[in-house]
Amino acid sequence: MTRLVNRRNVLKGTLGGAAVTVGLPFLDCFLNTNGTALAATGKELPVAFGTWYQGLGFDPGQWIPAKIGTGYTHKHQLRMLEPLKHKTTLISGMKYFMDGRPLETHTSGYQISSTGALRGGVVYGASLDQNVSDVIGKRTRFRSLEIAIGGGRRSFSKGVGATTNPAEPSPKGLYTRVFGPEFIDPNAADFKPDPMVMARQSVLSAVKDERMAMMQQVGAADRARLEQYFTSLRDIENQLSLEMQKPDPLPSCTQPDEAAAGNVGDSVVDAEQNGTIMGKLLAHAIACGQTRVINVVLNSNGLRKPGGTLSWHVLTHEEPVDDALGYQKEVGWFVEWANMRFYDFIKAMDDMKEGDGTVLDRIALLWQTDHGYARTHTMDDLATMIVGGAAGRIKTGMHIRAAGDPQTRVGLTLQQVMGVSMNSWGGGSNQTNKPMTELLA
Amino acid sequence: MISSLSSRLKQSATGVLVTLIAAGALSACSPGAQQQASTTTAAAPAELQAPSQLVMRRLTGEQYKNIITDIFGPTVDFGGRFEPDMRTDGLLAIGASHVGVTAAGMEQYDAMSRTIAAQIVDDKHRGMMLSCAPKDAKAADDACVRQIMTEVGALLYRRPLTGAELEAFVTAARLGTTETKDFYTGLSLSLASILSSPKFLFRHETATTARGEMRLDPYTTASRLSFFLWNSGPDAALMQAAAKGELNSPRGLNRQVDRMLASPRLESGVRAFFVDFLGFDEFDNVTKDTALFPKFSTQAAEDAQEQTLRTVVDVVLTNKSDYRDIFTTRKTFLTKELGAIYQVPVVSFLPNGSPDTWHPYQFTAEDNRAGIMTHMSFTALHSPSGRGSAVLRGKAVREVLLCQKVPAPPGDVSFDLINDTTNYRTARDRLAAHTREPMCAGCHKITDPLGLALENFDAAGAWRTTEGGVQLDTSGLVDGKKFAGPAELGAVIAAMPAATSCVTNRMLGYALGRAPARDQVTGLEKSFQASGYRIPALMKLIATSPSFTRVSPETAPTQTASVAN
Numbered sequence: 010m011t012r013l014v015n016r017r018n019v020l021k022g023t024l025g026g027a028a029v030t031v032g033l034p035f036l037d038c039f040l041n042t043n044g045t046a047l048a049a050t051g052k053e054l055p056v057a058f059g060t061w062y063q064g065l066g067f068d069p070g071q072w073i074p075a076k077i078g079t080g081y082t083h084k085h086q087l088r089m090l091e092p093l094k095h096k097t098t099l100i101s102g103m104k105y106f107m108d109g110r111p112l113e114t115h116t117s118g119y120q121i122s123s124t125g126a127l128r129g130g131v132v133y134g135a136s137l138d139q140n141v142s143d144v145i146g147k148r149t150r151f152r153s154l155e156i157a158i159g160g161g162r163r164s165f166s167k168g169v170g171a172t173t174n175p176a177e178p179s180p181k182g183l184y185t186r187v188f189g190p191e192f193i194d195p196n197a198a199d200f201k202p203d204p205m206v207m208a209r210q211s212v213l214s215a216v217k218d219e220r221m222a223m224m225q226q227v228g229a230a231d232r233a234r235l236e237q238y239f240t241s242l243r244d245i246e247n248q249l250s251l252e253m254q255k256p257d258p259l260p261s262c263t264q265p266d267e268a269a270a271g272n273v274g275d276s277v278v279d280a281e282q283n284g285t286i287m288g289k290l291l292a293h294a295i296a297c298g299q300t301r302v303i304n305v306v307l308n309s310n311g312l313r314k315p316g317g318t319l320s321w322h323v324l325t326h327e328e329p330v331d332d333a334l335g336y337q338k339e340v341g342w343f344v345e346w347a348n349m350r351f352y353d354f355i356k357a358m359d360d361m362k363e364g365d366g367t368v369l370d371r372i373a374l375l376w377q378t379d380h381g382y383a384r385t386h387t388m389d390d391l392a393t394m395i396v397g398g399a400a401g402r403i404k405t406g407m408h409i410r411a412a413g414d415p416q417t418r419v420g421l422t423l424q425q426v427m428g429v430s431m432n433s434w435g436g437g438s439n440q441t442n443k444p445m446t447e448l449l450a
Numbered sequence: 006m007i008s009s010l011s012s013r014l015k016q017s018a019t020g021v022l023v024t025l026i027a028a029g030a031l032s033a034c035s036p037g038a039q040q041q042a043s044t045t046t047a048a049a050p051a052e053l054q055a056p057s058q059l060v061m062r063r064l065t066g067e068q069y070k071n072i073i074t075d076i077f078g079p080t081v082d083f084g085g086r087f088e089p090d091m092r093t094d095g096l097l098a099i100g101a102s103h104v105g106v107t108a109a110g111m112e113q114y115d116a117m118s119r120t121i122a123a124q125i126v127d128d129k130h131r132g133m134m135l136s137c138a139p140k141d142a143k144a145a146d147d148a149c150v151r152q153i154m155t156e157v158g159a160l161l162y163r164r165p166l167t168g169a170e171l172e173a174f175v176t177a178a179r180l181g182t183t184e185t186k187d188f189y190t191g192l193s194l195s196l197a198s199i200l201s202s203p204k205f206l207f208r209h210e211t212a213t214t215a216r217g218e219m220r221l222d223p224y225t226t227a228s229r230l231s232f233f234l235w236n237s238g239p240d241a242a243l244m245q246a247a248a249k250g251e252l253n254s255p256r257g258l259n260r261q262v263d264r265m266l267a268s269p270r271l272e273s274g275v276r277a278f279f280v281d282f283l284g285f286d287e288f289d290n291v292t293k294d295t296a297l298f299p300k301f302s303t304q305a306a307e308d309a310q311e312q313t314l315r316t317v318v319d320v321v322l323t324n325k326s327d328y329r330d331i332f333t334t335r336k337t338f339l340t341k342e343l344g345a346i347y348q349v350p351v352v353s354f355l356p357n358g359s360p361d362t363w364h365p366y367q368f369t370a371e372d373n374r375a376g377i378m379t380h381m382s383f384t385a386l387h388s389p390s391g392r393g394s395a396v397l398r399g400k401a402v403r404e405v406l407l408c409q410k411v412p413a414p415p416g417d418v419s420f421d422l423i424n425d426t427t428n429y430r431t432a433r434d435r436l437a438a439h440t441r442e443p444m445c446a447g448c449h450k451i452t453d454p455l456g457l458a459l460e461n462f463d464a465a466g467a468w469r470t471t472e473g474g475v476q477l478d479t480s481g482l483v484d485g486k487k488f489a490g491p492a493e494l495g496a497v498i499a500a501m502p503a504a505t506s507c508v509t510n511r512m513l514g515y516a517l518g519r520a521p522a523r524d525q526v527t528g529l530e531k532s533f534q535a536s537g538y539r540i541p542a543l544m545k546l547i548a549t550s551p552s553f554t555r556v557s558p559e560t561a562p563t564q565t566a567s568v569a570n
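Residue numbers (the working numbering), protein chains in the order written: chain C, 10 to 450; chain L, 6 to 570.
Fair warning: there could be bad hints in the mix.
To be verified - Straight line, CA to CA, 25 Å or less: simulated BS3-like cross-link-like pairs of lysine-lysine:
id : chain 1 : residue 1 : chain 2 : residue 2
1  : L       : 143       : C       : 314
2  : C       : 404       : C       : 76
3  : L       : 341       : C       : 181
4  : C       : 314       : C       : 338
5  : C       : 181       : C       : 314
6  : C       : 255       : C       : 147
7  : L       : 450       : L       : 486
8  : C       : 84        : C       : 404
9  : L       : 140       : L       : 70
10 : L       : 129       : L       : 140
11 : L       : 300       : L       : 341
12 : C       : 338       : C       : 404
13 : L       : 336       : C       : 201
14 : L       : 140       : L       : 336
15 : L       : 186       : C       : 217
16 : C       : 314       : C       : 255
17 : C       : 201       : L       : 186
18 : L       : 186       : C       : 255
Said to hold, decoys possible - Here are some chain C residues pointing at chain L (derived, C-beta under 7 Å):
id : residue
19 : 80
20 : 152
21 : 172
22 : 215
23 : 235
Since the hints were made in silico from the structure, they are not lab data.
In this text, all values refer to a predicted model and were calculated from it rather than measured experimentally.
Beta carbons: idealized from backbone N, C-alpha and C, even for Gly.
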């Protein structure tokens, strides 16, 4: 089935006025130009988006390849990414601009990389993944899924306002949320709408006006908070609506094994185990059409080796530089460990086959960090990576060397690639209207 | 457990809430109420005459649980997890005025609401929880639903439902019943819709105008009082007082505040304040390496919080003592798990074999512990998982207990010396570098002497006398006052003016949901001092002050709606 026919079918269904059962999101029909066809349905696989936040940067001299463009070789601290280098673009030399504002170490960089600007107050702008989710995530069961590897519930994903989307630190929690009793297997032979779901829809509809009346009784700031409530409520309504329809079959979707309750803490042993399981769960979630936007925080700051008195973060401050190596030895161990976890994660995406491609082929996963060199909290020479081809929309396999450009250029480019309507992104010196055209396929 | 609901509903069923609806509608526009509204409370300092802001606070997880437990009993299973709260201006109670509801949070509220509602109507509970039964359990019964929703809805919305609201829930139950062919399923879905409504999840405040002055409407006043003093929704007596307009007069307000301060539920309110004030929510992120600290456990961490809360309650409520005594008291309460950390033998059973979990304990001079700063809840909370931190502890004393802001360190600092445990065995030796470096000295002279005094406690809160084989020196000098070790540090802190102004600041911010103005705190603290620094007196001063009920017109929405509309 071609893209044109898909669109026609969708429009026909809409105009027909019947209960519109849209197997493939409306917008994707317009957006997908390079998607891989699936043998079973003939439909294009929709693009997906993700972020990976890993604090504490890399060590100078240990990661920037000598060669620019294609055919480069990863240096020491990124060598584990070699097997998937052809699906990765590494960008070195970008910068966060502070514009004279005081540096909030380990915070300012994340504010800029996630929202494009330094925070102006308690209430501030949406993160880029939520802008993307507004375009590609509205018709999936979850607009986005957030996880934290290494404990805590912090994420950098947020809508406009003060509230950050909480991350799920536990594999069992993630499994239950996505693949628990409310999961509908798209490949199941039988589909019978649950009367309880219909009843829940009716009840929500009956109390809608009663709830909305509150909007008229609050001031502007609180109205914005209520709008977030109602947006989240619409997500519930959307989930119910999806539960009433037989989903299109997705041949690559299989229900993963139930995840056990593991220790959620700051030990690297627990973090490695949990990260591996949750990476696979997210790959399944995308393959099963449950979400198209994922956000991962590798909670670098508190991570410790078992029995180690000092955490990775404390080590960046307190460990002397090893004269022979030229960098902090223990810190280097943590950097490599974390990069190995990132490799495990993208490998899980790449192991999830879909037709003649993989989940990794249709995602753009953006790797970002808080500092160039954590020991001195530098805000330049940042490492940034994009992994996955976004269903053929972006080029991979390159090393791009930027000359102190605002790091927000990457975020702007990816948001535009995902269909977000914006000409510029960011605030102050981090504002940019220059997408990285060299990334575009 | 159920008796709490049945007694409250019995009150409702006998007409209390019906009276509430009528009286509530009248109170806002009754001339008598208007006249009383402008009367000020004599005891309130001049600085607390200024109006506060209308705020919309999201219920904390604890408040949500307390409301459900108060109404439906303590055995209700919540089956969900609350969104993380946000700390603003030192308090989660102020952050609650800024947060919304995320998609993940909404899923949890939705799931919890259905879990709770299903328990209320199940075979086991419906007879006690519901005040009527349908004629046919397979068919809708609007009259019965209307009766139940009138009662339960008022308790959950903390005010009588409007006619439109009530009819929406009746319709919802009817539709749910029709779809599922089961009255109780339909009813539970309608009940769940109240529990996931923004009107339940947010404490929405509304105001009325009397003689040109805006003030909280009676039900909002009741809610503010109740969440401030009890950390839960209003009880029937408070709702009745609101319905009768009694909260508009200083006498009526005083009567209710006195009743609430005398209630055993005050302990819940005091505990909630100190959980927020002391930052115990951060315990969710506390882990310790069990290889290094084998006595630390999740249970010990929970007990540590409870130990401090029991100690605080003992000082400020049970003994009605000076607030500052929490920094010096040697009396505390221990469990077996805490005994292992504190090296104190604690037996979990009474001689007759019955379980006895908590034991009063008086720290001796040899224990070297006095005051909450020497508790595990402070020393372990403000330490990384593998090692204690004098800097973090010193910073916490300044920021948490004294409300003083410690600036963040500059970005490009080298900390090599601090980890040189070969040449510098103790934290004191390593941190001495701070005083030699002008870039560091400014801030570290504020934090380090306080934190070094607590170096006798390891990252899990256990006592130690040496580090790296070297005897620890935990004496020091802070703000011109000398101390010999951790037990004496508390007396130094207790004597600081910042200790009392800090708790005053936080208590006022906690009550109003906004950071208070400096002059408000100064004025209130004078009255607090006059009370002998008694916490219940401070709470009463705030609850009966004009600032508590007066509202600034700028913070009201363009159209202020009366709840009875």
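key: Enumerated hints in conflict with the structure, sorted upward   = 1, 3, 9, 12, 13, 14, 16, 19
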